[in-house]
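K.L.:
Given next are the chains, with one letter for each unit.
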Amino acid sequence: MNKTADRIAAVAFLAIGALFMVESLRLSKSAYGSVVGPNVFPFLLGLILVLLSVKLLFETRRYAEAADEKPPRQYKKFLIILVAAILYAALMETIGYVIMTFLFLVVGFQTMAKGTLWKSVVVAAGFSLGVYGLYVKLLQGTLPSWPVWFQ
Amino acid sequence: MSTLSFLLDGFQTALQPHNLLFAFIGVLIGTTVGVLPGIGPISGVALLIPVTASMTSGLSPEQAAASSIILLAGVYYGAMYGGSTTSILLNTPGESSSVVTTLDGYQMARQGRAGVALAIAAIGSFVAGIVALIGLVLLAEPLSNVALKFGPAEYFSLMMLGLAAVSGLAGKSMTKAWIMTVCGLLLSTIGLDNVSGVARFTYDISYLYGGLEFLTVAVGLFALGEVFKSILHNEKNDGEIAKIGRILPTKSDLRESAGPIARGSLLGFFTGVLPGAGATLASFFSYILEKKVSKHPENFGKGAIAGVAAPESANNGASGGAMIPLLTLGIPGSGTTAILMGALIMYNVQPGPLLFDEHPEVAWGLIASMFIGNVMLLILNMPLVKVFAKIIQTPTKYLLPLIIAISVFGVYAVQVTTFDVFLLLAFGLLGYWLAQHDYPLAPLVLGLVLGPMIENNMRRALTASNGDYLVFVEKPISLVLLIIAFLWIAVPMVMKLRGKSIIVNEDM
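As you go down the protein sequences, you meet chains A and B in turn. Mapping of the first sequence onto our numbering: residues 1 to 151, in sequence order. Mapping of the second sequence onto our numbering: residues 152 to 659, in sequence order.
What the hints contain is simulated information worked out from the structure, not anything from laboratory work. Please note: incorrect hints may appear among the correct ones.
Pairs of lysine-lysine residues, derived as DSBU-like cross-links and limited to a Cα-Cα distance of at most 30 Å, are as follows [what the hints assert, rightly or not]:
(1) B/380 - B/443
(2) A/114 - B/380
(3) A/114 - B/647
(4) A/76 - B/548
(5) A/77 - B/548
(6) B/394 - A/119
(7) A/77 - B/541
(8) B/380 - B/323
(9) A/55 - B/380
(10) B/380 - A/77
(11) B/541 - A/114
(12) B/402 - B/443
(13) B/402 - B/453
(14) B/380 - A/119
(15) A/137 - B/548
(16) B/446 - A/119
(17) A/76 - B/380
(18) A/77 - A/114
Chain A stretches covered by chain B per the calculated footprint, using a threshold of three residues with CB under 8 Å from any CB of chain B [what the hints assert, rightly or not]:
(19) 9-23
(20) 49-62
Note that CB positions come from ideal geometry on N, CA and C, so glycine has one too.
Okay, chain A solo, but in the shape it has when bound (with noise of 0.2 Å):
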């Protein structure tokens, strides 16, 4: 187990709990005909969110100073691949699932293994139209479309 990360995973948790319980004191104390307001159940879950993450904190200091070997990680790969992604999310509504999926999967594929693009592009292609033409087409789902300067 790693010091460094739970330690600084102990404090994140610690947080996230105390901000709970200051922000469900400013919720409503009780609901109409009980006393039991919906402030109590967030409330008391910070609350031992709080006190496990102090537990861990303190497990922590037991922990055997590991030397860290870590294996090699192909960040550039999974760094290219999660910036994809994103654009894929930001751009899906404006540019439309067909295009922008098929642009993801091309660059994922070619970023993954550098092969033959003709391959890529055929699975890629293949891939985006087929759920395109399956949900939208034969089973009326929505997705956005085409570019929406097209329409």
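Since the structure of chain A is provided, determine the placement of chain B on it from the hints.
P.N.:
Same frame as chain A, now just chain B:
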């Protein structure tokens, strides 16, 4: 007698052509999910909820709920079948409940008996599925009748017991499991309070008034979290796949595995009924049991057929048994059943003692479809095992970005806001980080699903008692449940202090 007629009605529901199709799709996808190393049963079921929601959109609410739960449950036990395939052929378990199967399964494969091992696993799973089904039919009615007598205080305590059981057994650190549970419960308070109508923790963000959608959280934590891990850790599935060879087991194989299958099924079923124990523990227990019972314990680990038959029966029995607390008490005992429960709630079907009265079509249709699904799995798996073995070789290059795209599609299709897609990505990152540092994710989802019910019952009990918190210990049933919950946490703690190692459920 009435149970029997209800069961027949259930078969009528399950045998409708579209439900047969749904069961078939469910077990097919489930087996695929089980075979693919990247996604386990939890993320498989979570990913498919939006897909089923759109597939069933033309049906009446009751029918839609029955059909989609049939499909989702099919995924659940289909994955149990599929998980064994990779254990045997690749020596890498598809999910944690098949870890033990690698011990003898892979050895059998090396001796050229992979086909037999796969067949025995399928037969064992089938028998266990039937045992679990019979147990479900026998226990469902009486258990829900008991639970019908429960008032809010008893319900509250029962759910505390459920939480205690799952959190007590999940992961390496109990503190972390509890933190996750409480976080799940806290997240469930976001949105409009359904007693008073007060907006809680929404900060005028209109998307938050409906609360955090459980689906977004579950898909993010489980499916995306695992994808992120596979990308970052550069996980590849390029191991050597063993030759399958002859599939039909010989008579002596069957004779040797009959006992282990029977014991494994029963043990698995009862382990599954207990909340928190689940399929992984069941498979471990049954392996240990077989080793003790066997006349040749030295053969275990060297390709003993009992070492495949018992755990594979046990994990399937457990997944059937886990349906009992879910359907009769409304308490999910594991991450996957929590997600199934969330799916039912999405359809406005509340699992619990009233389920059998209010939605008999859903409850009995599901039970009957489990039988049909098991038959399908047996038929599907024996001849098609070679096809499924091919799926293992799906390159991660395509698989991982596609899972992200499916998650985004699923969440957007149900919620129709990009806010939820961002939330999905955020929970994916969180899920990766938490899992990486041994914070179990299942308790969080469980807390999120059970949160509103726990709060409602607590407030109803307290309203009735005029705010007196002693009401939970004054009612005898409630007190007993709370004591069991307390023991569930305290006993492992004491054992740990005494230096005994306890088995924990890694998959939770």
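K.L.:
Which hint numbers doesn't this structure obey?
P.N.:
Numbers 1, 3, 16, in rising order.
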